[in-house]
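Chemist: Residue numbers (this note's numbering), protein chains in the order written: chain R, 980 to 1412; chain D, 7 to 232.
Derived from the structure by calculation, the hints contain no laboratory data.
All values derive from a computational prediction rather than experimental measurement.
A virtual CB, placed ideally from N, CA and C, is assigned to each residue, including glycine.
Some hints could be false.
Pairwise CB distance ranges, derived in the manner of DEER restraints [said to hold, decoys possible]:
1. K227(D) to K1284(R): 29 to 39 Å
2. K227(D) to G1323(R): 25 to 35 Å
3. Q21(D) to G1335(R): 30 to 40 Å
4. K1336(R) to T57(D): 47 to 57 Å
5. K227(D) to P1064(R): 33 to 43 Å
6. N126(D) to K1316(R): 30 to 40 Å
7. A202(D) to D1022(R): 58 to 68 Å
8. T38(D) to T1149(R): 50 to 60 Å
9. K1090(R) to S152(D): 30 to 40 Å
10. T57(D) to S1285(R): 54 to 64 Å
11. I193(D) to G1323(R): 45 to 55 Å
12. S1173(R) to A202(D): 35 to 45 Å
25 Å max Cα-Cα, derived PhoX-like pairs, lysine-lysine [unchecked claim]:
13. K1240(R) to K1255(R)
14. K1005(R) to K45(D)
15. K1041(R) to K228(D)
One side only, chain R facing chain D, incomplete, derived with CB under 8 Å [claimed, not checked]:
16. P1066
17. Y1087
18. Y1150
19. G1175
20. Y1196
21. F1242
22. H1245
23. T1384
24. E1387
25. T1402
26. E1404
27. S1405
28. E1410
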Amino acid sequence: MEHIRIANDWFKLDNAAKIFPAISTKKETNTFRVRIDLIETVDIDLLQQAINLILERYPMFKVRLKSGFFWNYLDYNERPFVILPLPQRVCGSLSPKEHNGYLFQIYYWNKSIILEMFHSLADGSGAFALIKSLLYQYMLLKGLKISPDNMILTRDSLPTVEEYEDSNLTYYDPHNHKHVPEEKAFLIKGTPISDGNIGLISATISTKDMMDLARTYQASVTEYLTALMLHTIYITQIQYREHLKQNQKPVKIFVPVNLRKHFPSHSLRNFTNFVKSGMVMNRSDISFEEILIETKKQFAHGLQKSELIRKMSENVSFEKNVLLRATPYFLKKFVLKIGYNMMGLLLNTLSFSNLGKIDFPESMQPHIDKISVGVYSGHYNTVNFGVVTYKDKFSMTFTRSIVETTIEREFFRHFTAKGIHMTLESNFVEEYR
Amino acid sequence: MKYCDKCHVDVLTNQKYCPLCHQVLQGEHDDTWIEPYPKFIPLRREILPLTKKIILFITIVAIVTLLVINLTVWEGKLWSLIPIGSILYVFMIVRYGVLSRQNIAFKLALLTTVLILLLNMIDQQFTEDGYKGWAINYVTPLALLSCNVAISAIIWIRRIDFRDYIFYLLAIMVFSLVPIILCLFNIITVAWPSIAALGLAIFILLIIVFFFPKSIKDEIKKRFHL
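This is chain D alone, in the form it adopts within the complex:
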């Protein structure tokens, strides 16, 4: 124990200076004493923030370069959207797929949705007439179908408490309704992928409703309580 003769207080420490007035403390150094608060160890220079910055930097440089080239040699089409979209998608995979600590069902649902939007954009803008519609006819329903299979498989294989995942599974199921609706409006011309996606969604939904009815009800109650 040390003493500050300016503040007239005992200080329980081996440090040299008074925490109040920063004058030198009186008293002997006690080797057996353990400080009541741990020593400050400065944070290691973290690698992750730097990596993030580098990735972001390269992404932005690439996008700007592509746009500039596209505009200087203008040929009537904004072709740079394809590589820019792909770069952004890779960026999203790294940022939300690899570096993020969100649960895997969320990652899958998010990345699938963005991929569908991206491919549809490419299809609409750049596919020649006669071949148009591959994204909406085949990719959209089949991507939703695979996402459904993937999330269900993860829940099944990892045997985790599926309460975290069920919400995203439900979201993808709701999305699976979209192709069938588009089908009814004749926007989708090839019906079988949409029907397959819907069929699988209904199949999984039935499993949940029959075997885990409470969890689905609880999850909706929790997520949507006012």
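Bound conformation, chain R alone:
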């Protein structure tokens, strides 16, 4: 096979990625997964061939993490990539020393192809670009008649600078980076699952039902689900206990925003920011409608262009800080760790990633059943939530590092109470002890 080697075969970590190697541990893995269920059983040999073929197209993913004196960097990885059967551990740590140094892993299980990726490498958009290319290549090898329809980066195209640039550094504004201090958030407590395992419950409902439901409240799906999540946390964790001291902190939902929708970027690396929706829940009669109004307001404010740029520039100016840059990495690591523990980790109750609608070419759609996404859960953010839409299947996935499923139960019962048909999948982590 022809070997595409671009002149630049190493990459600086992008702005968002710089923090993750320093703060990730076996428990806080900072990985996420994308799962695609096909109609037929996966052919393992063909999948391995497909990933071998497609990886050369993605120089920014065919890398491993190496340590430099001031910063880590991603260097070309000449070792082979090997696909593995799906382990029970959800979003386990992708240690730089395992998986031949690759920071992502492709798993197969029966009819499913699962991609788990360390957040230093890319965000959800990058992961989906990769898995789309992989699926396309896999189906080609299988001999199916499919066409890319300009939706898929195929092996014939060449990687471009736009794909591996750090768009944060392209679109930030050096004059708009004011730091807005934040309050610590309410944290969901529970019994940790043994061995640091993660429980996963994934529900599928009809996309149309979901849209109709959001429409009755004149809200977007993300706004609606965020408000519903706040409400669920309120009724399961806080209501009638709101006077207690530990319940005075605001409940805050961290919602990543795909900046490619706001800026003309084609980057396959990290280019996301966030909106936070939160509320101090110190009354016993907070209604869902009240929360939704507040959420809409916070989304409108958080999604303003100037606000997005401010948050992006805040991160970039931190990275560009001369003092921090000139500190050797082994010291910098501690600074990043302490800073993140103080400022990042404790500021969110739960993170809710909506990957939006995933499109496949018409010719590929009959072979794909459904898609779901999941984010790791750790010591502080014990429950996380990922949502993705594919055709008429709206998938909602909870990952949790605690045994209790109260939030999941209340959240899903909200839909079933409205008569919406729901199908569940779970990894049944509680059954294996």
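Following the hints, position chain D against chain R.
Modeler: This is chain D only, laid out in the frame that chain R set:
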């Protein structure tokens, strides 16, 4: 497919209980069904952590014993430093040389550096006058020289992508300058080992500069980017 009549959801599984409410699910067991998520297999009790613990335990016990004996039968010298240093060095060989999965050039560079420091300590503290200086005169430059030869040989023989190794090779070369500088300050009294070490370092450096100029530049750029 099973059904939970409390949560009113379909559950795609053969398991008995609802994942949400843990009540018994309705529906038949389907033998052809494959669970969407694999079964949890508990980790095998790993041997390695236990081995590490035993090694660490023995190391610490030995060190404490030696120190106690040394202090109770005090004869004016802290002789226990020699066995303690050796034990720590063996511990390092096991921990960083054998059990670690770092690349071999790093291991060699690290272990050589520590060995040099250890032997110099022994030399300074315990060698009788008139024989002092063997570590700094002979061991230091010759150990650096062998380390240089070893890393170059590994790169040569194993034909691996030397980008991983070149950084450590460069580090050892920089260290090779130290004996020559000490020589200029008359701390080292026997010059030929230092000159040999420097000569070899320069020879290898010239090979890299002439035949792989880009890789050395790239590697420095990568490792030291701000």
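Chemist: May I ask which of the numbered hints given earlier this structure violates, with the numbers listed in increasing order?
Modeler: Violated hints: 9, 12, 17, 18, 19, 20, 21, 22; rest satisfied.
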